[in-house]
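Visitor: The lines below spell out each chain.
Protein chains: 2
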Amino acid sequence: MDLITVVGLIAAICTTTSFLPQVIQSWRTRSTKDISLPMYAVLVVGVFLWLVYGVLINKLPIILANGITLALALSILFIKIKCG
Amino acid sequence: MDLITVVGLIAAICTTTSFLPQVIQSWRTRSTKDISLPMYAVLVVGVFLWLVYGVLINKLPIILANGITLALALSILFIKIKCG
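Line order of the protein sequences matches chains A and B. FYI, my numbering numbers position 26 of the first sequence as 39, with every residue one higher than the one before it. FYI, my numbering numbers position 63 of the second sequence as 76, with every residue one higher than the one before it.
Don't read these hints as lab results, they were simulated from the structure. Just so you know, not all the hints are guaranteed correct.
Chain copies aren't distinguished; within one or between two, either way the pair holds.
[To be verified] Computed cross-link-like contacts, DSS-like style, restricted to lysine-lysine with a CA-CA straight-line distance of at most 27 Å: (1) 46 x 93; (2) 72 x 93; (3) 95 x 72; (4) 46 x 72; (5) 95 x 46.
So that you can see chain A by itself, here it is in the shape it has in the complex (with noise of 0.2 Å):
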C-alpha cells in the first residue's frame, strides 16, 4: 500500500469515527440544544448519498465509511429530534 493510500485511510477512519463520541456524549446526557438540526439534517442526506455514490462505482471504502458514518449521523439526528 502506497504513502497515499495510507492517508485517505487514515483521513477515512478519523471522519468515520469522529461522530461516535458526540452520539456517546448526546446519548448520556440527553441534550442536544447546542447541536444544530438543520446541520445533522442535511449531513445525514448528504452521507447518505455519498454511499449511493459509493454503490454506484463500486468502491467498497467509500461504501464502509459512509455507512458506518450514515449510522452514527443519524443516531445523532434521532436523539436530537427526540430531546431537542
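Could you slot chain B onto chain A? The hints should help.
Guide: Just chain B now, with coordinates in the frame of chain A:
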C-alpha cells in the same frame, strides 16, 4: 456530466455545507456545551488529511470540498474551545 458524477457532487455540496448552520448557531448563541470536543478535534484532523490526500492525488473537487469543510469545522472547534 453523468448521473453518478452529479450524485457525487450533490453529496459533496451537502456534507460540506452542512457544517454552516452549526457555525452560525454556535457563533450567535456562544453556547456549545452539548457539542463534543473530541468529535471536532478528530474531525479537523480527518478533514485536514482528506485535504492532503486531495493535494497528493491532485483532485480539485476533493481539495475544494475539504478546504471549505476544514474552515467550517475549525470555526466550530475554536468557538467550542473558547466557550466550553
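Visitor: Look at each hint and say if it fits the structure.
Guide: Cross-check of the supplied hints:
1. When the C-alpha separation of residue 46 and residue 93 is checked against a cutoff of 27 Å, the pair qualifies both within a copy, at 8 Å, and between copies, at 14 Å.
2. Taking the closest pair of Cα atoms, residue 72 and residue 93 never come within 27 Å of each other, the shortest separation being 31 Å inside a single copy and 35 Å across copies.
3. For the identical chains of this complex, residue 95 and residue 72 are neighbours neither inside a copy (34 Å) nor across copies (40 Å), given an alpha-carbon limit of 27 Å.
4. When the C-alpha separation of residue 46 and residue 72 is checked against a cutoff of 27 Å, the pair qualifies neither within a copy, at 37 Å, nor between copies, at 37 Å.
5. For the homomeric pair residue 95 and residue 46, the shortest alpha-carbon distances inside one copy (11 Å) and between copies (18 Å) are both at most 27 Å.
Checked against the numbered hints given earlier, this structure breaks hints 2, 3 and 4; the rest are met.
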